[in-house]
Amino acid sequence: MAKELWKGNEAIAEAAIRAGCRCYFGYPITPQSEIPEYMSLHMPKAGGVFLQSESEIAAINMVYGASGAGARVMTSSSSPGVSLKQEGISYMCGAELPGVIVNVMRGGPGLGTIQPAQGDYFQATRGGGNGDYRLIVFAPANIQEVVDLMQEAFELADQYRMPVMMLLDGMIGQMMEPIEWKKPPVSPDDLPAKPWATTGTKEGRAPNIINSLFIDPEACNVHNQRLEEKYRRVIENEQRYETNDTDGAEVIFVAYGTPARLARAAAGLLEKEGIKAGVFRPVTVWPYPYEALHEVAIQDSVKVVVTVEMSTGQMVDDVRIGVNGVKPVSFIGQAGGVIPTPREVANAALKALGR
Amino acid sequence: MAYHEIIVAGFGGQGVMSIGTTMAETAMAQGLNVSWLPSYGPEMRGGTANCNVVIADTEIISPIVLEPSELIAMNQPSLDKFEPAVKPGGLILVNESIVERKVQRDDVRAIYVPSLEIASELGNMRVANMAMLGAYIEATKYLTFETVVDMLRNIFTGKKAHLVELNEVALQRGADCVRR
Amino acid sequence: MAIVYQRSKGLTDVETHYCPGCTHGIIHRLVAETLEELDILGKTIGVAPVGCSVFAYDYFNCDMQEAAHGRAPAVATGIKRVLPDKVVFTYQGDGDLAAIGTGEITHAAMRGENITTIFVNNAIYGMTGGQMAPTTLVGQRATTAPLGREKSHAGSPIRIAELLATLDGAAYIERVTVTSPANVMRAKRAIRKAFELQLEGRGFTMIEVLSTCPTNWGLTPVKALEWLNENMIPVFPLGVYKDITKEEA
Ligand SMILES: Cc1ncc(C[n+]2csc(CCOP(=O)(O)OP(=O)(O)O)c2C)c(N)n1
Ligand code: SF4
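Residue numbers (our numbering), protein chains in the order written: chain Y, 8 to 362; chain E, 381 to 560; chain W, 39 to 287.
Quick caveat, the hints were computed from the structure, so don't treat them as lab data. Everything numeric in this text was worked out from a predicted model, so none of it was measured. Heads up, some of the hints might be wrong.
Which residues of chain E face chain Y? A few of them, derived with a C-beta cut under 8 Å, are [to be verified]: (1) Ser415; (2) Val488; (3) Ile491.
Reference listing, derived: stretches of chain E covered by chain Y, where coverage requires no fewer than 3 residues with Cβ under 8 Å from a Cβ of chain Y [said to hold, decoys possible]: (4) 499-511; (5) 515-528.
One side of the interface only, derived from the structure: several residues of chain E facing chain Y at Cβ under 8 Å [what the hints assert, rightly or not]: (6) Phe391; (7) Pro418; (8) Gly421; (9) Val479; (10) Val483; (11) Phe536.
The beta carbon of each residue, even a glycine, is placed where N, CA and C say it ideally should be.
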């Protein structure tokens, strides 16, 4: 199939439609406004629902309602707006509702900046809302991968009945790259049935209830244990990662999203200086591929593990858990919309090596 | 191995973004790998805008251009800002119509294109950026005029078909500036 | 338009970032002049919104706080409750006030919060690039309403002045515009009256100002003024919607 040049945000929207999503609710915010803009034109053409909500809080609750009614549904926003969605995300997890939430991250905290950043890692992987819950979080590094993962995101959301987050940064949202539409489009008619959805009893079945309230502590505990059991299954089955030149490397860079590309450029610089460096890139940041990272780090050749982020250091905590003390872990990052340069990243590795 | 890292910069509204996307589309049509990354946000309102384009026959590692091999400077602030970053031996294309100074470095190749004059001679100010693109293609010689013209034929159809020729002439007039 | 520009002491010398012909600038000046004339610059705290006027904290020459999108009336409430003798105002766009912030503005008005809101209605989201606002006219194009706002899908424009005028806590509510020197004078009088009532402790005051967005409307500054007069005023009629001083009389 011929390659087409797509802007990240528009590709996300189109990929969602091709994944059988026929329902989108959202509110404008830079750097992701092209998603609702694209949806406003193309969702109705596909016979779906596009609605601009009055706020992100409203948008996520529209998602809650639509998902409970059985729709394949998504919303998107950027950091400050995703903060507002946290309540709804917690409720969706509690009520076990599928749905895809796209966060095209910008610099924070607060209003921060509209430039790309990765400061929402903790929020995405540790949960920004209340209660014991988890999201599957995909962190693609280029537009082809975004598009490839979109269908999977919706499928996993349905399969596990939980929200899935696509965690991108403003760079991926704004840039254009050639992509191929590898998978055939999914028709909404071919999606698995959702017998739990509130679609009307038609006086045939007992009423379905979408709810996150379990007022009796025993019942609430049982509910939590059941969710936990589900999250364990996700951890077992859904870890994704990629490695580049990590075999026999002296330096292992760990990075997700755009910084993974910078880390590969930095590895190229180090190679010219006679140092073998590779990149370990988690594609799911929850569940985090701890064991795979450990396997890479424990190799005899590896002297240092260097985490690269567009934040002041969040994923590095997971890297430390994965490496578990077998090798020194260091960190290089810039925040607030500033992007570390490959040279800075390479120098951080040299420093960690003591050179 | 070809690896072109390009910055196109100018005022918002000068067609900076579309020069970049046309380059990217052309390169893609020629089977090369590309990435296009714009500056974005309210600073683009009347302020300066730029895009980073990477074109390569190998995998593109990072879409961010810090040291361009080629710079297209559509206005003075862009030249001031990015001239020092250009790789030694690189190329700077200057929109001579509104940039008042010459390129100061002597370790890069400088080409001057009077894009507005060309456009006004052709009677359509919108083709100024095509003149810049024509000069770029001629100076770097890896994108082909044929591919661009093929693309123009796809964009301008029906009532707009006459614009193909106009744009083609603008490309050639830009290219002439390299040959002169 | 013959408005002779003279910088008010109520404004800093920071050059604003507004697009050419955007009427945000005039509205800033009217607020600044009022604060200067009432000699309250030293006792005023302003609250900037999220929208094109997000940098208002750099332009007004008084203490300023920057609020989250839509939350300015809540932030202003916090300030006023701590400093009841000070003058507190919010400056908000229509996305900020009439979409994400409808809860906050409604409840500030309901409580009769003794603050002044300057509500800049330009029927579009300016800052983020021309998406539909709740005030966008039926049929008006926006980047999230590419074929024009459709009533059956997105409803009709929200009229905030009328809506808030139904609340007992509202002391003074007027809708004005700045499309001609006469309109500018009227807008200035309205803004002054709102601040005066706040100084008298009369309750919530809001001046809605119909404003242009040449950039996202895709019009020249002059055409934008015409478009506003011809299209916005019929939907958003100018006038006083609430005046507690008249009711008492
Ligand atoms: C929680 C949150 N959601 C969205 C945004 C993005 N945003 C910034 S300004 C704006 C709309 C501004 O429009 P308006 O209030 O009409 O003011 P104008 O720019 O037209 O003056 C939006 C949606 C944000 N900053 N925070
Ligand atoms: S985008 Fe519109 S509202 Fe914002 S400054 Fe420009 S003209 Fe004014």
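Hint by hint, here is what the structure shows:
no. : hint    : in the structure
1   : Ser415  : holds, 5 Å
2   : Val488  : violated, 21 Å
3   : Ile491  : violated, 26 Å
4   : 499-511 : violated (count 0)
5   : 515-528 : violated (count 0)
6   : Phe391  : violated, 19 Å
7   : Pro418  : holds, 6 Å
8   : Gly421  : holds, 5 Å
9   : Val479  : violated, 27 Å
10  : Val483  : violated, 24 Å
11  : Phe536  : violated, 18 Å
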